[in-house]
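*Asks:* These are the residues of each chain, in order.
Protein chains: 4
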Amino acid sequence: MNMTDMKHSRQYKAENTVIKIGNLKLGNGGFLLAAGPCAIESANQYATIAQKVKQAGANVIRGSIFKPRSSPYSFQGLGHDGLRLIRDLGDEMDILVETEVMDPRDVKEVSRFVDILRVGARNMQNFDLLKELAKLDMPIILKRGMSATYQEWLMAAEYLMVNGNDQIILCERGIRTFEPALRNTLDLAGVAYLKHQTHLPIIVDPSHATGKRNLILPASKAAIAAGTDGLIIEVHHDPEHALCDGAQSLLPSQFNDLVTEIQPYLTIEKKHIHRKGDL
Amino acid sequence: MNMTDMKHSRQYKAENTVIKIGNLKLGNGGFLLAAGPCAIESANQYATIAQKVKQAGANVIRGSIFKPRSSPYSFQGLGHDGLRLIRDLGDEMDILVETEVMDPRDVKEVSRFVDILRVGARNMQNFDLLKELAKLDMPIILKRGMSATYQEWLMAAEYLMVNGNDQIILCERGIRTFEPALRNTLDLAGVAYLKHQTHLPIIVDPSHATGKRNLILPASKAAIAAGTDGLIIEVHHDPEHALCDGAQSLLPSQFNDLVTEIQPYLTIEKKHIHRKGDL
Amino acid sequence: MNMTDMKHSRQYKAENTVIKIGNLKLGNGGFLLAAGPCAIESANQYATIAQKVKQAGANVIRGSIFKPRSSPYSFQGLGHDGLRLIRDLGDEMDILVETEVMDPRDVKEVSRFVDILRVGARNMQNFDLLKELAKLDMPIILKRGMSATYQEWLMAAEYLMVNGNDQIILCERGIRTFEPALRNTLDLAGVAYLKHQTHLPIIVDPSHATGKRNLILPASKAAIAAGTDGLIIEVHHDPEHALCDGAQSLLPSQFNDLVTEIQPYLTIEKKHIHRKGDL
Amino acid sequence: MNMTDMKHSRQYKAENTVIKIGNLKLGNGGFLLAAGPCAIESANQYATIAQKVKQAGANVIRGSIFKPRSSPYSFQGLGHDGLRLIRDLGDEMDILVETEVMDPRDVKEVSRFVDILRVGARNMQNFDLLKELAKLDMPIILKRGMSATYQEWLMAAEYLMVNGNDQIILCERGIRTFEPALRNTLDLAGVAYLKHQTHLPIIVDPSHATGKRNLILPASKAAIAAGTDGLIIEVHHDPEHALCDGAQSLLPSQFNDLVTEIQPYLTIEKKHIHRKGDL
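Residue numbers (the working numbering), protein chains in the order written: chain A, 1 to 279; chain B, 1001 to 1279; chain C, 2001 to 2279; chain D, 3001 to 3279.
The reader is advised that the hints may include incorrect statements.
As the list claims (entries may be wrong) - Listed next, the in silico DSSO-like pairs over lysine-lysine satisfying Cα-Cα at most 30 Å (straight line):
no. : chain 1 : residue 1 : chain 2 : residue 2
1   : B       : Lys1108   : A       : Lys108
2   : D       : Lys3135   : C       : Lys2131
3   : B       : Lys1007   : A       : Lys131
4   : B       : Lys1020   : B       : Lys1135
5   : B       : Lys1212   : D       : Lys3054
6   : C       : Lys2108   : C       : Lys2020
7   : D       : Lys3052   : C       : Lys2135
8   : A       : Lys270    : C       : Lys2108
9   : B       : Lys1212   : D       : Lys3013
10  : B       : Lys1007   : B       : Lys1131
11  : B       : Lys1270   : D       : Lys3212
12  : A       : Lys7      : A       : Lys25
13  : A       : Lys108    : A       : Lys135
14  : B       : Lys1108   : A       : Lys135
15  : A       : Lys135    : B       : Lys1131
16  : D       : Lys3054   : D       : Lys3108
17  : C       : Lys2131   : D       : Lys3108
18  : A       : Lys7      : C       : Lys2212
19  : A       : Lys135    : A       : Lys20
20  : D       : Lys3108   : C       : Lys2108
21  : A       : Lys131    : B       : Lys1108
22  : B       : Lys1054   : A       : Lys131
Since the hints were made in silico from the structure, they are not lab data.
Model the full assembly from the supplied sequences, consistent with the hints where possible.
*Replies:* What follows is the structure, encoded as structure tokens:
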């Protein structure tokens, strides 16, 4: 099969795919700035963090209720009980909300409670999940598998596209390498490479890529310079007691600073953080 | 949590777990020798290959009907229609049969048609799938993820065990490295390492590990010397026209030679290829 | 041994090491912009490229005469005959010049012809070479080994420092990973990480990191945003006929554009490309 | 350049290269069993270990006097003072001796004191060193670089061969991967692959490959089954106080057991451990 027949390919479609989510137009200068806790722990924790990151400038609230944890003894998330929390918060705060979905049986239900669905790195090649997500008319964040090649990642997007959903947002989150000091190795040249290969928008997750709070800012600036269409960042108001990923979560005040510091880079790259209420 | 509380650990349980499948006693000197096509393409192809590998000495027939292919344009397997084929062949030939299951919704149904279920590398951390498999009273082959650490792999087994199924057979199938000449890098020292860490049996898949027909024999001999409890090998009577993995499939005659050539190694390691009809 | 006793460590010395080379002050806002051919092929080729990159804004001319090629049949460089070419060009054009040294026997001689010496990735742990370089009072660019951890890289710098030379410029040039599409994986979060760990300046080589001409610009912008103190970029006026690394070499006009396009990023990061003739 | 013109290639020379060292004929059923300390610490330590491993069955005594240590603060070896120790021991015990050489300036001198020279993983692409070694009429053990591809490794051998020395013994010692539990990932399928690609003999270093004493035996057995022409194993009579690599060093009694346990595998593979005094 030729690249000209692959739906994700620039040879198939030269111009950027533009994904509209509220007033956010990804792929056309719009910048997705998602922030929030790794895991939603309670209504209170979720709302506290969401208010602060919205105020700082986030246009999407991130937060997981289904957690793919390496250990069965780790916190597994609130599960289905969290769905109503997410939708209510999105409505009350008038902001876009997203969450991860892991199980093909949950796709239809979860899709009714959020604005964007996320596929985690471990599920990039969970093809039955992808086929369910392909049935939706809804944006999907497709994270790169921890050792997925660009080709495999793009073919995972192709599974979604060929089965009916072309609102795909790729998300670079670092790859697994021999380096033990950081959680993963963030592949920003890959982001630039993919912008040539595909018309789909690409965002970057500096939190999982680095695993270290003090690297989120430089990694975010570098990601913008490399051409990313957005960032998804973990924020927690009390990282010491976070049930998941405390060491890589920014404090709300740090996220606030980050939004200020990335602005000059967004200006150069002509990217705008539109919010739901914007014209 | 301490290792002494982890169900997969030697510190939790010192003696080998023995898994009985027919007359095969894995973990107690029994050797699992699974062979067959990568994908079941037709009743005829499956039966042809199965007869030959049984005759050569295999005690389990491998064959997939659900295929996790990187490209949506590749052959995806016969799907549910293949289930009856598998069960009928197992019954008619009086041999154990196995297949891969990918979707948690399929687990219960598929389990009724086979003797052993297999979790592929891409699904090692598909935790919803693992939780469904944990409900079964049936052996599960759990392949190592393509860049999974030993720790992650053992914790995937722990997901099965803590949720109720301790008939877990680990399967080393190579890891992804920088080396482009072979499909993966077979990690046989890892097999030896895991025999110290866990009481669970471990088998090796030299076909996916190497991707090359002429390396299957030396890799199999080395795997036995490293302590493997079994092998799972792709065989095809017409590899040039195989719909999947032709380049790494042995011809039936080559598989026949392999069984002969590994015998001295099995003898040294005190492993026996019991068949279903054996006493 | 404690980190407080390691000479490369921020705990040993909190403030940035400032390396003065001509008017360039690395580590104090100065930005090293080295450009030139991978290999010096002839006096004419070298001068042609050098003039163009100097005009575009480079403050150091790069160019190798000793080439560590994987194959003995590839062009091995001009060798010692090239030394005079380098020094003459530096003097005539009044610009800083650098080159790679591979053999401990060559260190003293080569050092007399250039302003900066470079240690290639393959020689990062060539400890006898490092010990010779430690005897010089001269800046050394120390490239990261292709699969070196940060710790190993910093300890290679320590070999230089403990033996007497603390004018060390680290150079990130990508690491070897499983991804086949690019030559290496550029590790920009690592650059940010190292700025926390060490007081030594760090530069980035986007040419070897990516291996692709059209990624040099975004990788360079991202490197600046991540905190790099400089860039070393391959440029060739006739890449089709280059004896080495043509596919990753910029045309002089492309390098000219790059200098223009990185300027806004340098401004934000308060970095300046001082030239030899500057006050 | 075609493979048929590459001196290392099976297409250039179909039959095995046979390297004669004393009575050992590598490549013709002879098996190199080198054992000894990582580093020679003193005449007494070296002789103590050498006597025990010779008695157990080793036909070569290994031991380094030049140590490429990641840290400049680690024990760097006895250096030139150790040369006489090595030669004297070889003569007195009538056994073959080998050591590592790191610096091209040392090659000629060191070559006069040993029977086999060894190039370490960090120097596989130290081309100036290789060119010096190429001038010798003496066997060279060429270890695989820690992230070298087969192609790069074979081309390093080609550097030796094209410059005049074809007595090359490749040595697989594990590659660097993401797995943190073991020091490296031993690549035994690679050994089998290389036997097809090249006519040169290949040995295996299970000590550096695994970094763990209790994996040396299974790794050695597996290496023989995969087709290795030899093993090089670290042994120390007092590993707790070893100046280098204690955790991966066998006790002499364990080495003795190993020689017994590998014998049946050697018999199957028709390999013989000839000693210097053998007919």
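*Asks:* Assess, step by step, whether the Cα of Lys1108/B is no farther than 30 Å from the Cα of Lys135/A, and give holds or violated.
*Replies:* holds (24 Å)
*Asks:* Would the hint linking Lys108/A and Lys135/A be met if the CA-CA limit is 30 Å?
*Replies:* Status holds; Cα separation ~9 Å.
*Asks:* For Lys1007/B and Lys131/A, compute the direct alpha-carbon distance and say whether it is at most 30 Å.
*Replies:* The given pair, whose Cα atoms are some 34 Å apart, is violated under the 30 Å limit.
*Asks:* Are Lys3054/D and Lys3108/D close enough, with their CA atoms no more than 30 Å apart?
*Replies:* Holds. Lys3054/D to Lys3108/D sits at ~27 Å (cutoff 30 Å).
*Asks:* Is Lys3052/D within 30 Å of Lys2135/C, Cα to Cα?
*Replies:* The hint is violated at about 42 Å.
*Asks:* Mind checking the alpha carbons of Lys1007/B and Lys1131/B for me, to see if they're no more than 30 Å apart?
*Replies:* holds (16 Å)
*Asks:* Checking one constraint from the list: CA of Lys131/A to CA of Lys1108/B, max 30 Å. Satisfied?
*Replies:* holds (20 Å)
*Asks:* Given the hint that Lys7/A pairs with Lys2212/C, does the C-alpha gap stay at or below 30 Å?
*Replies:* holds (24 Å)
*Asks:* Within a Cα-Cα threshold of 30 Å, do Lys7/A and Lys25/A meet the stated pairing?
*Replies:* holds (20 Å)
*Asks:* Check whether the Cα positions of Lys1270/B and Lys3212/D lie no farther apart than 30 Å.
*Replies:* holds (25 Å)
*Asks:* Does Lys135/A pair with Lys20/A here, judged by a C-alpha cut-off of 30 Å?
*Replies:* holds (18 Å)
*Asks:* Has the given pair, Lys1020/B with Lys1135/B, been kept, meaning a C-alpha gap of at most 30 Å?
*Replies:* Satisfied, since the Cα-Cα distance of roughly 18 Å is no more than 30 Å.
Consistency with the previously given hints fails for numbers 3, 5, 7, 8 and 22, ordered from lowest to highest.
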